[in-house]
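With chain D held as given, fit chain B onto it using these hints.
There are 2 protein chains.
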Amino acid sequence: MADYKLWNALKDAKKYRWVELSHSLNNESPYWSGIPEGSVELAKTVWDWGKPELECLIQTFKFPGQFGTHIDFPGHFIKGKALSEKYDVNDLIFPLVVIDISQQAKKDPRYAVTVEDIKAYEAKYGPIPDGALVALRSDWYKKWPDMDALSGIDAEGKENAPGWSLEALEYIYKVRNAAANGHETLDTDSSAVAEEKGDLACERYVLDNDKLQVEVLANLDKVQPAGAVVIVSYPRIEGATGLPARVWAITE
Amino acid sequence: MADYKLWNALKDAKKYRWVELSHSLNNESPYWSGIPEGSVELAKTVWDWGKPELECLIQTFKFPGQFGTHIDFPGHFIKGKALSEKYDVNDLIFPLVVIDISQQAKKDPRYAVTVEDIKAYEAKYGPIPDGALVALRSDWYKKWPDMDALSGIDAEGKENAPGWSLEALEYIYKVRNAAANGHETLDTDSSAVAEEKGDLACERYVLDNDKLQVEVLANLDKVQPAGAVVIVSYPRIEGATGLPARVWAITE
Chain D
1 MADYKLWNAL KDAKKYRWVE LSHSLNNESP YWSGIPEGSV ELAKTVWDWG KPELECLIQT
61 FKFPGQFGTH IDFPGHFIKG KALSEKYDVN DLIFPLVVID ISQQAKKDPR YAVTVEDIKA
121 YEAKYGPIPD GALVALRSDW YKKWPDMDAL SGIDAEGKEN APGWSLEALE YIYKVRNAAA
181 NGHETLDTDS SAVAEEKGDL ACERYVLDND KLQVEVLANL DKVQPAGAVV IVSYPRIEGA
241 TGLPARVWAI TE
Chain B
1 MADYKLWNAL KDAKKYRWVE LSHSLNNESP YWSGIPEGSV ELAKTVWDWG KPELECLIQT
61 FKFPGQFGTH IDFPGHFIKG KALSEKYDVN DLIFPLVVID ISQQAKKDPR YAVTVEDIKA
121 YEAKYGPIPD GALVALRSDW YKKWPDMDAL SGIDAEGKEN APGWSLEALE YIYKVRNAAA
181 NGHETLDTDS SAVAEEKGDL ACERYVLDND KLQVEVLANL DKVQPAGAVV IVSYPRIEGA
241 TGLPARVWAI TE
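These protein sequence lines map, in sequence, to chains D and B.
Taking the UniProt record's numbering, the leading residue of the first sequence gets 1, the next gets one more, and so forth.
Taking the UniProt record's numbering, the leading residue of the second sequence gets 1, the next gets one more, and so forth.
Bound-form chain D, shown alone:
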């Protein structure tokens, strides 16, 4: 029998750990309050059992693009920029870099990752490789599906969640040539940064620079900080500013 290289490579790949990085979604899963109610309707029966023509069950699925673990395209924040159809499947597999700010976030829930945090990572694990997806581990995913806990809403209605700083994003994109960033929180910006700028300025920076981001990730504490590979996949729907994504890592 012929020896097929890729079939052998698949066997080798299966020996690693495959870690699900997406939340499981159902009709109770939360979404941003700016989106109208009724925007989620999953598994609605449109062809039921018991029809003489064909015995089977067919459903429809409705959800916002920014639902659960999702990918955002540049056109989400910048009119006219790239949408879902621009990306091929091989644009959506990356070396995964996981920066751990879970301890800092425990002390200060508005913590914004610093350039120093990233340099400390690089001193330990080596430089962020070209084309990486750089993800922030905050352990915030453990708060899913409690939207108030994820936002860190306090008695005054202010949000308190950790996230990115503009300087850290500039570092990963300009000094290193990252392709995408990710986080377990709802927003790119730490609440402190968003409040100071009066906008989601970090998210706008990412998308205005034609980079991609993956939000509301899960399980970043279960992968190696360096050396894992991450795959981001979404149904091949055109014209989307964002879509729920299936995201997983292959890791040692």
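Since the hints were derived computationally from the structure, they do not count as laboratory data.
Hints may contain errors.
To be verified - Below, a list of computed lysine-lysine pairs in the BS3-like style, where the Cα atoms sit at most 25 Å apart:
id : chain 1 : residue 1 : chain 2 : residue 2
1  : D       : Lys107    : D       : Lys119
2  : D       : Lys14     : B       : Lys11
3  : B       : Lys222    : D       : Lys11
4  : D       : Lys124    : D       : Lys107
5  : B       : Lys62     : D       : Lys81
6  : D       : Lys124    : B       : Lys174
7  : D       : Lys174    : B       : Lys14
8  : D       : Lys62     : B       : Lys119
9  : D       : Lys106    : D       : Lys222
10 : B       : Lys211    : D       : Lys86
11 : D       : Lys211    : B       : Lys107
12 : B       : Lys44     : D       : Lys81
13 : B       : Lys15     : B       : Lys222
14 : D       : Lys86     : B       : Lys79
15 : D       : Lys211    : B       : Lys51
16 : D       : Lys107    : D       : Lys143
17 : B       : Lys174    : B       : Lys211
18 : B       : Lys197    : D       : Lys11
19 : D       : Lys11     : B       : Lys5
20 : B       : Lys51     : D       : Lys197
21 : B       : Lys11     : D       : Lys15
22 : B       : Lys222    : B       : Lys81
23 : B       : Lys44     : B       : Lys119
24 : D       : Lys143    : D       : Lys222
25 : D       : Lys51     : B       : Lys211
26 : D       : Lys106    : D       : Lys51
27 : D       : Lys79     : B       : Lys44
28 : D       : Lys14     : B       : Lys5
29 : D       : Lys86     : B       : Lys11
30 : B       : Lys143    : B       : Lys107
31 : D       : Lys119    : B       : Lys5
32 : B       : Lys44     : B       : Lys62
33 : B       : Lys211    : B       : Lys79
34 : B       : Lys197    : B       : Lys106
35 : B       : Lys107    : B       : Lys124
To be verified - The calculated label-pair distances, taken between Cβ atoms and stated as ranges, are:
id : chain 1 : residue 1 : chain 2 : residue 2 : range
36 : D       : Leu54     : B       : Glu167    : 20 to 26 Å
37 : B       : Gly157    : D       : Asp148    : 18 to 24 Å
38 : D       : Lys222    : B       : Glu238    : 19 to 25 Å
39 : D       : Ala149    : B       : Glu170    : 48 to 54 Å
40 : B       : Ile153    : D       : Lys222    : 19 to 25 Å
Just so you know, even glycine gets a beta-carbon here, dropped at the ideal spot from N, CA and C.
Just chain B now, with coordinates in the frame of chain D:
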């Protein structure tokens, strides 16, 4: 700098060809006539540009589970059987076997693949490996998005499309230990088989045996008949009998 095995493996994988096997979907994409009209509503704006709170665009997406290139779970045809949530990401990557019946289908558009066709493949390329996704190449994907052409509707309203026979499915699942089957056509069964049985008997066989199938595939003429790897991915939505899938092959 540390030498990360999986980061190097990713660089190697990128040297192969990555072939998109899913159709691109929009509001004009067809779906089965048994599904009520209005079941597709993609990229509907629910948060528009120009709001003072946040300058961005958010949409909703609605579609049937069996829309475009899609995966079917056993619960689609058999009440109580497994649905979308049963499968992990590492259950959805397979050695890809492509059986070419495009010449036979050109002569007879109701052609059903035979056990002999599959044995002829095996004589040339070696036995179907354990856990394979076995896909039928018919070149039928070139008819997308013309639903009538895909069904092969004739003057009498009868369907004429190639597909599987029960014997061929029994061979790949019982004699070989395949995990899934796929095809470029709308249905598993060739029109001749479906008519004879008065049911989609082949599809029912696959799903009743807890196997998976991927329908309305594209581009099977662009991958190697043996030695490629195929990835099938869908958003992590619970309770689905089927979902549009992003499917791609990595091939020499």
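Hints, verified against the model:
1. Between Lys107(D) and Lys119(D), the direct Cα distance comes to roughly 21 Å. Compliance with the 25 Å bound is thereby established for this hinted pair.
2. Between Lys14(D) and Lys11(B) the CA atoms are separated by roughly 18 Å; this keeps the pair inside 25 Å, and the hint holds.
3. For the hint linking Lys222(B) to Lys11(D), the alpha-carbon distance of about 23 Å falls within 25 Å, and the restraint holds.
4. Taking the CA atoms of Lys124(D) and Lys107(D), the gap is near 23 Å; set against the 25 Å cutoff, the hint holds.
5. At most 25 Å may separate the alpha-carbon atoms for a hinted pair to count; Lys62(B) and Lys81(D) meet this at roughly 23 Å.
6. As the CA atoms of Lys124(D) and Lys174(B) are separated by approximately 51 Å, the hinted pair breaks the 25 Å bound.
7. Proximity of Lys174(D) to Lys14(B) is assessed by CA-CA distance (about 24 Å); at most 25 Å being required, the pair is judged to hold.
8. Restraint check for Lys62(D) and Lys119(B): not satisfied, since their Cα atoms lie roughly 43 Å apart, outside the 25 Å limit.
9. Restraint check: the Cα-Cα separation between Lys106(D) and Lys222(D) comes to about 18 Å, which is no more than 25 Å; the hinted pair holds.
10. At roughly 33 Å between alpha-carbon atoms, Lys211(B) and Lys86(D) are farther apart than 25 Å, so this suggested pair is violated.
11. With a CA separation close to 49 Å, the supplied pair Lys211(D) and Lys107(B) exceeds the 25 Å bound.
12. Using a Cα cut-off of 25 Å, the hinted pair Lys44(B) and Lys81(D) holds, with the two alpha carbons roughly 17 Å apart.
13. Taken as a hint, the Lys15(B) and Lys222(B) pair is honoured in the structure, with Cα atoms around 16 Å apart against an allowance of 25 Å.
14. At roughly 39 Å between alpha-carbon atoms, Lys86(D) and Lys79(B) are farther apart than 25 Å, so this suggested pair is violated.
15. A distance of roughly 23 Å separates the Cα atoms of Lys211(D) and Lys51(B); the hinted pair therefore holds under the 25 Å criterion.
16. A hinted pair counts as satisfied when its Cα atoms are at most 25 Å apart, and Lys107(D) with Lys143(D) qualifies at roughly 16 Å.
17. This hinted pair checks out: Lys174(B) and Lys211(B) have alpha carbons roughly 11 Å apart, not beyond 25 Å.
18. Between Lys197(B) and Lys11(D), the direct Cα distance comes to roughly 39 Å. Violation of the 25 Å bound is thereby established for this hinted pair.
19. Between Lys11(D) and Lys5(B) the CA atoms are separated by roughly 15 Å; this keeps the pair inside 25 Å, and the hint holds.
20. At roughly 17 Å between alpha-carbon atoms, Lys51(B) and Lys197(D) fall within 25 Å of each other, so this suggested pair holds.
21. Note on Lys11(B) and Lys15(D): the hinted pairing holds, with a Cα-Cα distance of about 19 Å set against a maximum of 25 Å.
22. Simply put, Lys222(B) and Lys81(B) have alpha-carbon atoms about 34 Å apart, too far for the 25 Å limit, and the pair is violated.
23. Straight-line distance between C-alpha atoms of Lys44(B) and Lys119(B) comes to about 49 Å, which puts the hinted pair past the 25 Å bound.
24. With a C-alpha separation of about 16 Å, the suggested pairing of Lys143(D) with Lys222(D) holds against the 25 Å cut-off.
25. With a C-alpha separation of about 23 Å, the suggested pair Lys51(D) and Lys211(B) falls inside the 25 Å cut-off, and the hint holds.
26. The suggested pairing of Lys106(D) with Lys51(D) is violated, with an alpha-carbon distance near 55 Å, which exceeds 25 Å.
27. The suggested pairing of Lys79(D) with Lys44(B) holds, with an alpha-carbon distance near 16 Å, which does not exceed 25 Å.
28. Proposed proximity of Lys14(D) and Lys5(B) is supported: the alpha carbons are some 14 Å apart, at most 25 Å.
29. Simply put, Lys86(D) and Lys11(B) have alpha-carbon atoms about 22 Å apart, close enough for the 25 Å limit, and the pair holds.
30. For the hint linking Lys143(B) to Lys107(B), the alpha-carbon distance of about 16 Å falls within 25 Å, and the restraint holds.
31. Restraint check for Lys119(D) and Lys5(B): the C-alpha separation of about 22 Å stays at or below 25 Å, so the hint holds.
32. Between Lys44(B) and Lys62(B), the direct Cα distance comes to roughly 9 Å. Compliance with the 25 Å bound is thereby established for this hinted pair.
33. Between Lys211(B) and Lys79(B), the direct Cα distance comes to roughly 15 Å. Compliance with the 25 Å bound is thereby established for this hinted pair.
34. Taking the CA atoms of Lys197(B) and Lys106(B), the gap is near 23 Å; set against the 25 Å cutoff, the hint holds.
35. The suggested pairing of Lys107(B) with Lys124(B) holds, with an alpha-carbon distance near 23 Å, which does not exceed 25 Å.
36. Hint check: Leu54(D) to Glu167(B), Cβ distance near 22 Å, so the stated range 20 to 26 Å holds.
37. Distance hint for Gly157(B) and Asp148(D): a CB-CB separation of about 56 Å, inconsistent with the stated range 18 to 24 Å.
38. Taken as a hint, the range 19 to 25 Å holds for the pair Lys222(D) and Glu238(B), whose Cβ atoms sit roughly 21 Å apart.
39. A hinted range of 48 to 54 Å holds for the C-beta pair Ala149(D) and Glu170(B), which are about 52 Å apart.
40. Distance hint check: the CB atoms of Ile153(B) and Lys222(D) are about 50 Å apart, inconsistent with the given range 19 to 25 Å.
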